[in-house]
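*Asks:* Keeping the supplied structure of chain A fixed, place chain B upon it in accordance with the hints.
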Amino acid sequence: EAGVVQSPRYKIIEKKQPVAFWCNPISGHNTLYWYLQNLGQGPELLIRYENEEAVDDSQLPKDRFSAERLKGVDSTLKIQPAELGDSAVYLCASSERGGNNEQFFGPGTRLTVL
Amino acid sequence: QKEVEQDPGPLSVPEGAIVSLNCTYSNSAFQYFMWYRQYSRKGPELLMYTYSSGNKEDGRFTAQVDKSSKYISLFIRDSQPSDSATYLCAMSARSNYQLIWGAGTKLIIKP
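In the order they appear, the protein sequences are chains A and B. Its first residue numbered 1, the first sequence is counted upward by one per residue in my numbering. Its first residue numbered 1001, the second sequence is counted upward by one per residue in my numbering.
Next up, chain A with everything else stripped away, as it sits in the complex (with noise of 0.2 Å):
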């Protein structure tokens, strides 16, 4: 079972640059999870799917940040414009349904602002 796909793995950029990031979840996981994980941090939550209802999305930036989940499936979380505060690994992970159950990450994708 292939588990959550992240792209791109890398990406650097000059700032108030746009940048977007794509998740594509585990086969019939309806909940999906934004996360930015700082170096030598915890992940922290940005955003969370319930199929494609954005059911808290109290910590997303909204003035530079946007996600959308179209179909409950694939994910896109943007950044614009970004800043040099933006730097991070930013993580998708996604689970059976929403709460406790395990929550299965992707590799992630390292930003890198410039």
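These are computed hints drawn from the structure, not numbers from a lab. There could be a bad hint or two in this list.
Claimed, not checked - Below are the DSS-like pairs computed for lysine-lysine, each with C-alpha atoms no more than 30 Å apart in a straight line: (1) Lys1067/B to Lys1056/B; (2) Lys1042/B to Lys11/A; (3) Lys11/A to Lys1106/B; (4) Lys1042/B to Lys71/A; (5) Lys78/A to Lys1042/B.
As the list claims (entries may be wrong) - Quick list of the computed label-pair ranges, beta carbon to beta carbon: (6) Lys1110/B to Leu84/A: 35 to 41 Å; (7) Arg110/A to Glu1045/B: 16 to 22 Å; (8) Ser1053/B to Lys62/A: 36 to 42 Å; (9) Ser1068/B to Glu96/A: 28 to 34 Å.
Treat the numbers as computed from the prediction; the structure is a model and nothing was measured. Just so you know, even glycine gets a beta-carbon here, dropped at the ideal spot from N, CA and C.
*Replies:* Just chain B now, with coordinates in the frame of chain A:
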């Protein structure tokens, strides 16, 4: 003060040693406790999941929860170089509630 505190390490031990990793927390409402392992340039993977207090064992791994002390532990017996990774604790108050993560402890097992 963070809700979940975890010593970042690194913790370096010889192969075969028993490893003890710990987290403390401040929110007495936490009931669900998890340990994740994260290898370099990989996403976290769930190791142990415990509800409320008590012990749980899975092979070489044992998770303990002491809610009276707000303290959780992960023990690794007969540690192997392949156990070298960052270990993250995570917890939440309800089954449909946000996970609160520790910062992770970097563990190094020396051959």
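*Asks:* State for each hint whether it applies.
*Replies:* Do the hints match the structure? See the list:
no., hint, in the structure
1, Lys1067/B to Lys1056/B, "holds (14 Å)"
2, Lys1042/B to Lys11/A, "holds (16 Å)"
3, Lys11/A to Lys1106/B, "holds (25 Å)"
4, Lys1042/B to Lys71/A, "holds (27 Å)"
5, Lys78/A to Lys1042/B, "holds (21 Å)"
6, Lys1110/B to Leu84/A: 35 to 41 Å, "holds (37 Å)"
7, Arg110/A to Glu1045/B: 16 to 22 Å, "holds (18 Å)"
8, Ser1053/B to Lys62/A: 36 to 42 Å, "holds (39 Å)"
9, Ser1068/B to Glu96/A: 28 to 34 Å, "holds (32 Å)"
Figure legend: structure checked against the earlier numbered hints; every hint is met.
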